[in-house]
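A.B. asks: So you can see what is in the structure, the chains are spelled out below.
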Amino acid sequence: MSEKGIPQRMSGNEAVAEAIRQINPDVMPAFPITPSTEIPQFVSSMISNGQIDTEFIPVESEHSSMSAAIGSEAAGARTLTATSSCGLAFMWEVLYVAASNRLPLMLELVNRALSGPININAEHSDSMGARDSGWLQIYAENNQEAYDNTLQAYRIAEHKDVKLPIMVCQDGFITSHAVENIMLLPDGPVKKFVGEYHPEHYLLKEDETMAVGPYAVSPYCMEAKRAQAQGMINAKKVILEVAKEFEELSGRKYGFYEGYRLEDAELALVAIGSVCGTIKDAIDKLREEGRKVGLLKIRVFRPFPGEEFAEALKHCKAVAILDRSEGYNSVGGPVGAEVTAAMYRAKCKAETVNIIYGLSGRDVRVEDVERVYEKLAKLAEGENVFGPYPYLGLRSKDEADCV
Amino acid sequence: MALPAEKIDEHIAWQDVTEGLQIHEPATSKGFMTGQWRTNTPVWLKEKCKQCLLCVPYCPDSCILAKDNKRQEFDYDHCKGCGICVKACPFGAIEMKEGQ
Amino acid sequence: MEQKAFNFREIQAREERLAPGHRMCAGCGGTIAVRNVLKALHPGDKAVIGNATGCLEVSSYMYPYTAYEDSYIHNAFENAGATLSGVETAYHALRKRGKIGSEYKFITFGGDGGTYDIGLQSLSGAMERGHDMVYVCYDNGAYMNTGIQRSSATPMYADTTTTPVGSKSNGKPQSRKDLATIIAAHNIPYVAQTTFIGNMKDLYVKAERAIYTPGAAFLNIMAPCPRGWRYDAPDIIEICKLGVETCYWPLFEVVEGEWRLNYQPKHKLPLEDFLKKQGRFKHLFKPGNEYLIEAFQEEVDKRWEELLKKCN
Numbered sequence: 013m014s015e016k017g018i019p020q021r022m023s024g025n026e027a028v029a030e031a032i033r034q035i036n037p038d039v040m041p042a043f044p045i046t047p048s049t050e051i052p053q054f055v056s057s058m059i060s061n062g063q064i065d066t067e068f069i070p071v072e073s074e075h076s077s078m079s080a081a082i083g084s085e086a087a088g089a090r091t092l093t094a095t096s097s098c099g100l101a102f103m104w105e106v107l108y109v110a111a112s113n114r115l116p117l118m119l120e121l122v123n124r125a126l127s128g129p130i131n132i133n134a135e136h137s138d139s140m141g142a143r144d145s146g147w148l149q150i151y152a153e154n155n156q157e158a159y160d161n162t163l164q165a166y167r168i169a170e171h172k173d174v175k176l177p178i179m180v181c182q183d184g185f186i187t188s189h190a191v192e193n194i195m196l197l198p199d200g201p202v203k204k205f206v207g208e209y210h211p212e213h214y215l216l217k218e219d220e221t222m223a224v225g226p227y228a229v230s231p232y233c234m235e236a237k238r239a240q241a242q243g244m245i246n247a248k249k250v251i252l253e254v255a256k257e258f259e260e261l262s263g264r265k266y267g268f269y270e271g272y273r274l275e276d277a278e279l280a281l282v283a284i285g286s287v288c289g290t291i292k293d294a295i296d297k298l299r300e301e302g303r304k305v306g307l308l309k310i311r312v313f314r315p316f317p318g319e320e321f322a323e324a325l326k327h328c329k330a331v332a333i334l335d336r337s338e339g340y341n342s343v344g345g346p347v348g349a350e351v352t353a354a355m356y357r358a359k360c361k362a363e364t365v366n367i368i369y370g371l372s373g374r375d376v377r378v379e380d381v382e383r384v385y386e387k388l389a390k391l392a393e394g395e396n397v398f399g400p401y402p403y404l405g406l407r408s409k410d411e412a413d414c415v
Numbered sequence: 002m003a004l005p006a007e008k009i010d011e012h013i014a015w016q017d018v019t020e021g022l023q024i025h026e027p028a029t030s031k032g033f034m035t036g037q038w039r040t041n042t043p044v045w046l047k048e049k050c051k052q053c054l055l056c057v058p059y060c061p062d063s064c065i066l067a068k069d070n071k072r073q074e075f076d077y078d079h080c081k082g083c084g085i086c087v088k089a090c091p092f093g094a095i096e097m098k099e100g101q
Numbered sequence: 005m006e007q008k009a010f011n012f013r014e015i016q017a018r019e020e021r022l023a024p025g026h027r028m029c030a031g032c033g034g035t036i037a038v039r040n041v042l043k044a045l046h047p048g049d050k051a052v053i054g055n056a057t058g059c060l061e062v063s064s065y066m067y068p069y070t071a072y073e074d075s076y077i078h079n080a081f082e083n084a085g086a087t088l089s090g091v092e093t094a095y096h097a098l099r100k101r102g103k104i105g106s107e108y109k110f111i112t113f114g115g116d117g118g119t120y121d122i123g124l125q126s127l128s129g130a131m132e133r134g135h136d137m138v139y140v141c142y143d144n145g146a147y148m149n150t151g152i153q154r155s156s157a158t159p160m161y162a163d164t165t166t167t168p169v170g171s172k173s174n175g176k177p178q179s180r181k182d183l184a185t186i187i188a189a190h191n192i193p194y195v196a197q198t199t200f201i202g203n204m205k206d207l208y209v210k211a212e213r214a215i216y217t218p219g220a221a222f223l224n225i226m227a228p229c230p231r232g233w234r235y236d237a238p239d240i241i242e243i244c245k246l247g248v249e250t251c252y253w254p255l256f257e258v259v260e261g262e263w264r265l266n267y268q269p270k271h272k273l274p275l276e277d278f279l280k281k282q283g284r285f286k287h288l289f290k291p292g293n294e295y296l297i298e299a300f301q302e303e304v305d306k307r308w309e310e311l312l313k314k315c316n
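Protein chains in written order, with my numbering: chain A, 13 to 415; chain B, 2 to 101; chain C, 5 to 316.
Just chain A, same shape as in the assembly (with noise of 0.2 Å):
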């Protein structure tokens, strides 16, 4: 064991189950579904084994994992649940009213594609379709951030300021099972950084009833959804803060986004997820070729950084912004429509493409992503390669639909 932590070996899925024995949540609800299955598998064993106390819920659905993942917190108790893709979809209706009743709890989210047709390897389709839920979403592009993240996310949303519930994503299969190095950090600190919960209105609460989940005609309704909405706002400074306190713990850095070789680069890309290592690969074979490139690897995509996105993007000349969802509205997915905007609000002057990629798990390689920066600069330069609506690694009878 280092100063600051434990080497290991070990999965996404594992990494995050090795969080949660860490934090014993009070309770878990969940339901199987590749590849988020794990988890729940994982956290099972564990109760088993008697490692932890936690409750476990084996739901007979997603949407009542999440409905009785809501009764457990409204009830006082630090529960967190997970699930992928059509898991996800299944409990869209109740993301919403976890998040109006101001309920923090955590969902491990191993993202897949959303059907159809049916296919479970990583897409961001079914996080993205909820980013307008009222959740916190913070994204990994490793193990090792699934880890740190899980860890952090207790402390940012339980936050008297914020009180929203967190999706703490990663990408399936690619993150979830495939074994990297990880450290990882000794118990004690991990429970101490955590801490206890100790919500200040709950359904149990002894000498305090609690009603939760009103009908509010259109006069109140309005000003609830404002209120709700400045704990997202407030959410900024608090993940922040958790996030120095946290490298002060682990030693590893965290922000709204990392920055790869991007103080200085002339053409960026904008990404989440597990790309980002293929893309930073690409980056320093490029620079070792005197290419000014570099990456905005966003973490935290609720709230929505756009003026820390835009201010980080400034000084380029090009930037492409990927997506690994359609939106399926006839211009590009949602990163790219929210990111431009944002670098629009900053007066960039910037050239912007969107890219779709890795959709369903289509693989993307380091020559896929230095053909975007080869076209990229060339966009820089005034001239536009790109087609009205790229993929990355599509085949196609239409070069134009292609990177």
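Computed, partial: chain C to chain A, Cβ under 8 Å:
no.	residue
1	Glu-61
2	Tyr-67
3	Asp-74
4	Ile-77
5	Ala-86
6	Thr-87
7	Ala-94
8	Ser-106
9	Ser-126
Straight-line C-alpha distance at most 25 Å; calculated DSS-like pairs for lysine-lysine:
no.	chain 1	residue 1	chain 2	residue 2
10	A	Lys-217	C	Lys-50
11	C	Lys-286	C	Lys-172
12	B	Lys-88	B	Lys-51
13	C	Lys-100	C	Lys-50
14	A	Lys-217	C	Lys-100
15	C	Lys-8	B	Lys-71
16	B	Lys-71	B	Lys-98
17	A	Lys-217	C	Lys-103
18	A	Lys-172	B	Lys-8
19	C	Lys-280	B	Lys-88
20	C	Lys-50	B	Lys-31
21	B	Lys-88	C	Lys-205
22	C	Lys-281	B	Lys-88
23	A	Lys-172	C	Lys-103
24	C	Lys-245	B	Lys-51
25	A	Lys-172	A	Lys-217
26	A	Lys-204	C	Lys-100
27	B	Lys-8	A	Lys-217
28	A	Lys-203	C	Lys-100
29	B	Lys-98	C	Lys-281
30	C	Lys-103	A	Lys-203
31	B	Lys-88	C	Lys-286
32	C	Lys-205	B	Lys-51
33	C	Lys-314	C	Lys-245
34	C	Lys-272	B	Lys-88
35	C	Lys-205	B	Lys-68
36	A	Lys-265	A	Lys-204
37	B	Lys-71	C	Lys-205
38	C	Lys-8	B	Lys-68
39	B	Lys-49	B	Lys-71
40	B	Lys-8	A	Lys-237
Calculated directly from the structure, the hints in this document are not laboratory data. Since this is a predicted model, take the numbers as computed values, not measurements. All C-beta atoms in this analysis are idealised placements derived from N, C-alpha and C, irrespective of residue type, glycine included.
Use these hints to put chains B and C onto chain A, whose structure you have.
C.D. replies: Frame of chain A; chains B and C shown alone:
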């Protein structure tokens, strides 16, 4: 500090609505006077009443309460005038009269 | 199970746990059900009340007015079972960790839409897992909150807004789903069916038994809706009585798998006595439609015979 329910009305600013629209007090509905809905009003004829209390469990609006083994006067602040109690009474001790 | 002798006067004198000021219609059967179930909580016992979306929810917790003396949670339409199972599990988790000292009971209410139909999966899951809770269905036989649409609890031939009677329609073509039997098949310790009869002893005793039996329990309470059934609000007592005396709505319970009939009419009344009080069945009494009443009577007879067999 969250406002007490009685101070919450349709004119408060968003900063004053309770977090998650939770209410941390019991039975705040007592502050809403459903008695205003009434078009007909039950009248308790005390001289006919045998205090059998059969009317008590049949009121959908908890407007006939029993205290010290005896039914109390109607809660006219909340009674909606449905008239079920009239039929629940075996002794004709409740009558409906027109109006409030 | 600690079940006390039925003392009507003592029970009526208990503190009300459903406050007035809720916005249910005048004469609503739903709140009669809720009040009387909550009366079966022993004085001083704490409870958390759950609720599926429906008339009851939008009327009894309309911000900032909660009608409940106890803690209350509404989540959505189809998940009252799962939601309360989460609350109940949290209770065990927090008790185990020494964070709560008091004992709590868990009771959730749903209409027939939220129970028989959209919430059936969630209810089935909660019952099968055996959470220590009571699910109470106040069954008024249609989606009343949205304006009297048919549900699987709607009786055959009822005129609803999605089975409207017309030149090509006699109302709902199908007969009611037998939910009590479905729930009994979950092998939970207690299932019962009741309604508002006499001094409410049947309802009270069943509610108390459901609440104080460890494990999952289910109560199905016929709770007439004057608007949806189209009768004069004060007639609710008579309607409930006719429902029982015609054997349309038998009173029974299933205790640890054993079926028990709680009331057998001395003279079973013809079904039409129950039907003719209600506007939703008015079309059945048009000349030429006698065969519809006969068919409905046959259905009721068949179910009654089946029930008698189950109860030996």
